Amino acid sequence: MSDAGVLETLLRRIEAADGGVDSLETASVLGVDHQVLVGAVKSLLALEDLISAELRSSKHWELSGEGTEIAEQGSHEARVFSSVPPEGLPQTELMKLSFGKIGFSKAMSNKWIKVDKTHEGGPRIFRSVENIEDQVRDKLLLVQKGNTSQLEEKEKNELKKRKLLSEVTVKSYWITKGSCFSTTITKPETELTPEMIANGSWKEKKFKPYNFEALGVAPDCGHLHPLMKVRTQFRQIFLEMGFTEMPTNNFIESSFWNFDSLFQPQQHPARDAHDTFFISDPALAHEFPLEYLERVKKIHSEGGYGSQGYKYDWKIEEAQKNILRTHTTAVSARMLYKLAQQEKFTPVKYFSIDRVFRNETLDATHLAEFHQIEGVVADRGLTLGDLMGILHQFFTKLGITKLRFKPAYNPYTEPSMEVFSYHEGLKKWVEVGNSGVFRPEMLLPMGLPEDVTVIAWGLSLERPTMIKYGINNIRELVGHKVNLQMVYDGPICRLES
Amino acid sequence: MPTVGVKRDLLFKALGKTYTDVEFDELCFEYGLELDEITSEKEIISREQGDSKASGASDVILYKIDVPANRYDLLCLEGLVRGLQVFKNKLEAPRYRRVSPLSGEPQKLIITEETAAVRPHAVAAVLRNITFTQESYDSFIELQEKLHQNICRKRSLVAIGTHDLDTVSGPFTYTAKPPAEISFKPLNQTKEYTATQLMSLYKTDSHLRHYLHIIEDKPLYPVIYDSNGIVLSMPPIINGDHSKITLKTKNVFVECTATDLTKAKIVLDMMVTMFSEYCSQPFTVEEAEVVYPDGQTCIYPELAYRKEKLSSDFVNRKVGINESTETIARLLTKMCLRSEVTGVGDEIEVEIPPTRSDVIHACDIMEDAAMAYGFNNIPYTTPRTYTVANQFPLNKLTELLRQDLAAAGFTEALNFALCSTEDISDKLGKKISETRAVHIANPKTAEFQVARTTLLPGLLKTLAANRKMPLPLKLFEISDVVLKDDTKDVGARNSRRFCAVYYNKSPGFEVIHGLLDRTMQLLEVKSERGDGYHIQAAEDSTFFPGRCAEIFVGGKSVGRLGVLHPDVITRFELTMPCSAVEMDIEPFLGHPAETTLTHDVPLHEVIKHHFPSQVPNSPPTSTKTVFGDVSSAAGLKVLDDFLADKSYMEGFEATQADSTMFDAIPSAPSSTFPHLLRWYNHVKSFLRERANLPSAKSQFVLEEDDDDIDLFGSDDEEDSAEVEKLKEQRLAEYAAKKSKKPALIAKSSILLDVKPWDDETDMAKMEECVRSVKMEGLLWGQSKMVPVGYGIKKLQIGCVVEDEKVGTDLLEEAITAFEEYVQSVDVAAFNKV
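Protein sequence lines correspond, in order, to chains A and B. Residues 1 to 497 in UniProt numbering are what the first sequence lists, from first letter to last. Residues 1 to 833 in UniProt numbering are what the second sequence lists, from first letter to last.
The following block holds chain B by itself, in its conformation from the complex (with noise of 0.2 Å):
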């Protein structure tokens, strides 16, 4: 939302009326703006720069104020002063209009064709006998400023040039030129510059070097000129110097050049209508001639007045309100909305001014005029809308198991969906290729990379984040991991998964297992083979070897349980064991008797775009596989002894893997390829789906001149020898840090408990003496006094011990040598530092 800040005591006088903070507080927020801030130049240069730099600012009362969006209307003073005084029933509002020149022919500015690749459109006016001061010249100078910034899309789409007309002379000429050919004085500058050297000049100025990237890179760049060969400006960059408006300028020629003329227009009305109320004929603006490069000329400003006809149903219908069409109508004209009742039913013609390029349809008046009659004035009502309600099936069961998870003792984690890659791929020893991982185009930091494919990383930083806390510590978070899915109209789709983890001293594998055990009995799935659930022995990167387990439901994988590798805890700084379980839970949904929404789009209507598509649906025309060539016996064999227990090349469905083999096999197999015939015959009913098939995890079809890939065994290869590798890395680390430290002196940190003899024992003289044992390598810490009973205290101090050269029971004895102190001390603790 767009702030405007102005004098309070200049908009007050404006206004014709002093109010409170809270009453022009009040006008605003009826209005639909936000008085933001109160402040004064003084308060902002103090705040952002420090008091000293303040001193001598200007201490005026400002007010800030924020607009909305698309009132390009009231980004000035003198636009608020309208609309307010309008809304407030004190003037009338202005109407503006166009004219020509007293004597003479238009301005003219004339488009050459070179524009056309860089900033094809302009539009120009002119506003006569103006009568600045320096308020308005401020304004002036700030409106241009925020139009640049909102609807201009910082210049990208109009920018704004406005020049003293009296020190140039048109026709003026809007061409484009090559940056070495351009030479005048910017604005400001005291000597001139090629376009080229401008904007070399300019790649260190604060605020215009924002604007360089919009023509840098083009071979032209837009140039006004006067018909003298004197630089306007060179749009959307900088004005000439020597055009440069002034307090005393009386005649302003306002250009817009741009690459959306619609914008172009409605920034052009805005900075006529704005400023028109300073000419001698306030509110009338002078005409120019725009003559394109096919010959065609226009004249702007349009100062376009629009008539709309709308009923007053319409209006009382939409708000839930009952007002006459006259009223209504009068409601609109204090929205700068001119209304008349035209007689004919309830009809009312509202006529839209060049102001209001907001209002492009019916409900836009409709809001005006439910502005006007007070949003807080209307009253509530209850919509009979019967509807019933359905929880959507999967958040269902994901609240309903949330619950059960907690009252098994394990606390809830909210991790977030975005993460870096290194999360979910080498901290968790898999390569991102694996993933499936979604990947962000425009991270602002590296905690933005991708969207996680697991839950487990979260809720290892988070056990990071918690390592104080007292283990065992035990999490859980149901939640959303995003999959690339061709299947799906974006390519991805979410995934809902249960994650948790159990981090202690010891790994507490049946800790995790018994939560899954727990978990399928909440969702009724038995223990057994076949329909139930089992887990089985499997590898995987992220877990310690022979510590991971698969989990089958009713034969499909769901998930994975088992104990982090040790590498993996290392690299989240964790410290302890810790064992974790992951799967999806959309498996369990079953067949809810709720009618299931979906955000599908409905299919009838739906026609395949021919988009560059991710995977290339031409089928390999190799043969060769990693079951050998399969246009020769011995290779089919091998594939044939593959299939003997299997469906399909992998998994439990068919995949893009069983068309792209069934492509490589050059002709149907004979009968002496039982299972390899079976499995021909099944994946050919595919054939006519086979695009929509899930994508392969594996490439069993090797490229001609891949050949020496060996994709099973490849991977465990590669693997260990990076493991190998970092490990390398690891110990060239670890053995830099250590020549980089002087000699370690081991060292122990020890907490003791000396006893007095009894409650009257004095405690102080007694820790008095025990500090005044002094050894080379000891060094006494804090000591706090413990009640044990009785009204007997011990003293518990700590030191620190070289431990070459103090023993505990050196030390001991040198305590308990203060024989009328001291009963007995005992070591509490002992810690190697």
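Chain A with its partners taken away, still in its complex shape (with noise of 0.2 Å):
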């Protein structure tokens, strides 16, 4: 019988059963094997309520091919017992019969042969009681007619522990109608396909329902870098406020405009090589704008512009060493004297996000390079309040609201304000930048005017990208190290929210 008709015969044994069907008894009666029933019912069930079936299953004994033998022809033992003639059997004999090895140890057990080791011409079994009674024999008779129920509990897991004997569970189903009963199968379609849209046949067929609860298929798609992405949005804030972005890409600088330019004094620690990559190959630069050159010697060594100066012996040998910058403010520095040698001062507001390098001790939250935010306004009559409300504008961009500024030291900017945010989360005040009007003595020695006043203000693109992104080691987020599925996984970038 086909699987078809037998799924149509159920149907009809089912439409036509007072109650239900049982599995085992329709297979039977149907004369196809009870598998390929289960199979049917299975199938069947499948569709959306057209029947239940209720699981059902029965256990009894069953004797297994050796216990069949043995309820034939008796047990090994009795075999044994029986091969042995009144006079006796060599024991090779015995052990020659197919059921003499198994045998011979079970009727030693029973005492019903013994073994005469010395007998002349190797050992000699003989019988040693008149009768036996082969009880397993007659055990395995009872399983056999269906009577079980009449041996003990023990006994039969003796004989299971045999093998003789095996419990079979036998399983059935109980089938009756579904809610959605009927004698004609229509599977549920699975997909929507360009026939059914053609022909209309989607009105007429039921379809699968979806899972909604599993997920569904990724994308194949590229990610962008998410320190990369908080770096986008920083430069629109900056793009959005006016800001234009500044040529960085000069990662090797002369110590000149590193420091020199800066007001920073040739003994200023952050000059040491703990702090500072310096560079062997080329180890010098070679070329200054030579009259700016000497006013920034002038005001290092002697002061000017009124100050003081720092009063020491400055040497052209010091500046020329090249380095890794150590921050942008290096670019600006050149870009702020670019501006000086305009013929009419025009305001600016500068931005730009790079690297810079430290030679620092590398731990979870520093690295040798990192990313420097800087912005910078050149404008006549600039206040500290215009740098506060810059400062606050900018940072209600990122989402921050909260600001407070802690008068701080940096040797290029007077005054000098620590930016502080106040943290929701840790319910404290975190430094979140820094900020500072540039000395006169950096920028009067370019020629810019006197009433020209610049402020600026820094901040790492890693740290708030690290806060972002919920991220605590450096590594996982900047170099190889990266954690690539954390790239995959990485949400946009909404720095405000």
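Quick list of in silico lysine-lysine cross-link-like pairs, DSS-like style, CA-CA up to 27 Å: (1) B:K218 with A:K321; (2) B:K765 with A:K163; (3) A:K311 with B:K218; (4) B:K755 with B:K765; (5) B:K488 with A:K315; (6) B:K774 with A:K160; (7) B:K505 with A:K481; (8) A:K96 with A:K117.
Simulated from the structure, these hints should not be mistaken for laboratory data. Computed from a prediction, not measured in an experiment: that's the story for all the values here.
Could you fit the two chains together into a complex? Lean on the hints.
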């Protein structure tokens, strides 16, 4: 009978039946293997509410192959007994018999036979009792006849252990009509197809319900790096505020532009080999605006422009040393110098976000290189209040509205302010950036007009990114040890939220 | 930022007020200080050395306060209290006075000329009739240490010595002597040492060894004697034990020796202003006379009060407030800058005390006024600065490109600009000399030896660190590399690169090639020779032979792509094939309409310095070239042939290679060499700017004594020899490794799917049966139940087998023997271990 045939016959039987049908019974009636019928039941069950099936199971004991043999021919031990003639049998002969080995030990333990080891011609077996009762066979015959209940549980288990009996579980289904019972089968469709749309068959069809609990298939796509996503947002903020981007694509800088032009004295600890990467090749910068260099030398060693200066022996050799820039302010210095060379001063707003390098001891939050965000405004008559106002606007765009300023020290800004914001999570004020007004000792030697004030601020790109994306170890964010899964899973960057 | 530790209760007693931690933190914040930590000696020891060591240590509360690096007057309890008390209007700033000794001459410190070569400056002063307590004594010692660490730059610029004046007698002599001739009992030692012995003694001293280098290699060491030849100190290392100060010391002689006189004066002023408070005449300091080798004398300490005049308008204008002249004068006075309104307009006369060496310009005074006003009381304002924003064109291009490369299915990586020499050379199969790399002089680790010259190693390392991620891995980076470039003022420049890698079971050259095509499409460059782009086979030791191509745009090479060399893949600890593309993106910038900014310094003021330059400018006199001797017709003929299809010696622009070759040719070639003549005349036109030409990649002209170098042939030979050598070395290493290991037993790890008959089968029992299979060389591993449907589960069980002893069919047979449970056994996975 074909599978479909079985399904149909089964459905018809269910329809005809009063109450329900039993799968075992049906199988035997239909003359098919029970497993085939079970298969039919399962495929009908997959159709919503067509039928319902209750699993029933019953256990009964059956003889194993060996058990059947014993029931027919007697137990091994009994067969051993009966093969031993009164005059005895050499042990070797007995062992040649198919049941010899197994039956021998059992017959021995039943004390039905004995062995004369000293017998000439090798050990010889003799009967030790007249008659025996083959209980094993008797028990098995009972089972075979279906009178299992007469055996004790212990006896059954004993026989099971000897693999003569086995307990067989027979499962069957009690099949009844479902709420949507019908004798015709319509399989639900899994998906809408172009054909269905074309011939309108979708109107008649049933569709298999979707599992909305499961996840969808991940799209095959590339990803932007989280730190770069944050950088994009910071660029956006600066551009929204009318700031022009500075060309910071020069990692190698001379000490002159990185330190001296910023009025950072040559003995300053930041200029130590412990803090700064010096370059061995090309070790020295070889081109400077010479007049400006002279003015820088003078302001350091003698003072001027209303300043006392640092009063030390300023050396060009120190200024010439090439380094990996320690801050992007070196570029700001170049830009401001360039601005000062214009015939007429025009106000500017500059920004940059780029790499800087520090030869520092590394830990979970410090790397030898990081990205510095810097903003600079140069105009006539800017005030400290203006700096605070711009910082307020800038940080508001980052979602930070509560600011506080702490006086600080920086060799090239005066006043200098550390910017703190109130962290709702930590319930305390945390430093979010540094800011200040560039010193006249830095600006005036460049040739900027005296009434021009330059305000600036800076922060690192990594810190807000680590906070934003909940990253504790900076190495998981920057560098080759990045966790790509984190990059794949990263959300879009909205700083203000 | 220096940190000062003070005892909290002592501080509050001196301030005359008890604060809560929060209140004191607020006060610090306002004053530009930071209450960094609240701790105790016990806590510090316990943290650093463990609880057992801390028992018995003091648990007096300590405040660790961060002080701005230029405020040396706040580096001790005395100064902090004075500053804060004046700030809170509880105290008027004291006036420090220099006085003559009541009787007799001032103490004299005579400097001899021998000091000139080692430590030429010295200043001195006397604290007369001082009374120390344990606390003030500790503070006195601590301040010296703080000054030494900060303004004194670890004693290199200035070193302080303090002495019990009553144990020595002036005049004192500051001289310099050969170390063997200096002998004295140093502080806290029991016997005399010569200076030479001291230097080796202190080699192991955790504190003093950091200062030895300052004088160690000098022929003469500085030393101060009293009139009886007693050694006061051997600056900047150690004082003599004889004159050490104690709690009982009444009169202190303070000397500062220095290489920087300005700083020595500041340091002396700090020492005496801070502690003259404890003299019988508070805030007076007894002068000392310093006699210079030329006979000149100076009186110290200077304790100079400097007067500056500024207008209140200046302060209001700079800060953004509107306060009266009187208010501003009062604000400044709060900051220890005694100020008076002069009455001339809005003029204020500000007196800068000797303690405020940080005030060097009117802007410093303005800042103090702002601090006294309270930074957080200043109203926020918005400047009216009108500007139009511009993006840096290169960054704009980068930003746009990044978005579309991610859209092309590649993931952005972000790698360090610094790396090891090996990363950019050996590991890529290149020589470091070929790289134009910028080298770092003082790297702390091998990770920072050079600035990267290519983005490829970073991406390969990112792949290696993420090997466990599902394949394929597709990464890209657009970032800067750094190359030496003589035309730049610093001798180096950044170059913006685009690099991408594809890592999978097959090399996927077509994927990388496709990405290049897509990139060119994005950059509006057509695939065509001439103005468009094309790729052309190239040789590159980083890539697998025959699998590398050079990318040309408008006839100029911009980069390369290809399948990486297996050696490169292995060196980066990768196991799969990998293809890569790397190219310059600056050539695609075009000419943006926006004003381009440049950090190049305007040229009208630039004057070239004649510093030793990297490239020798003198033309080589040799006529020997790789083409033969160009003074001979034969050599010229070869060169003529070489130039037949070239405009320049190398590349597509004039370089130093052209310039040197030009010099090598003795005279203008005849017209029998038409190509050579054309080139010669062309290069001649560059003569004036030849110094600015880009440097040469290859050496065409040979030096006289170098004629055996075959520059064209040698590279390959050397390379292959090197490769051969490397291979041999590897083989040897492998053999060595092998010989050390016990004979390997071939093993396999097998994952079996064991299916039961139905959902009623006792799975635990089945597993038990499976595990009961025992064979020699079979080890069962972990298992799990995997649902297969209809409530039926299958048993998935792992095992490790020795290939020679256990076969899968043997195993299957053994398991299917449990036929009452097992329906079938399949090998789900089979891996050689």
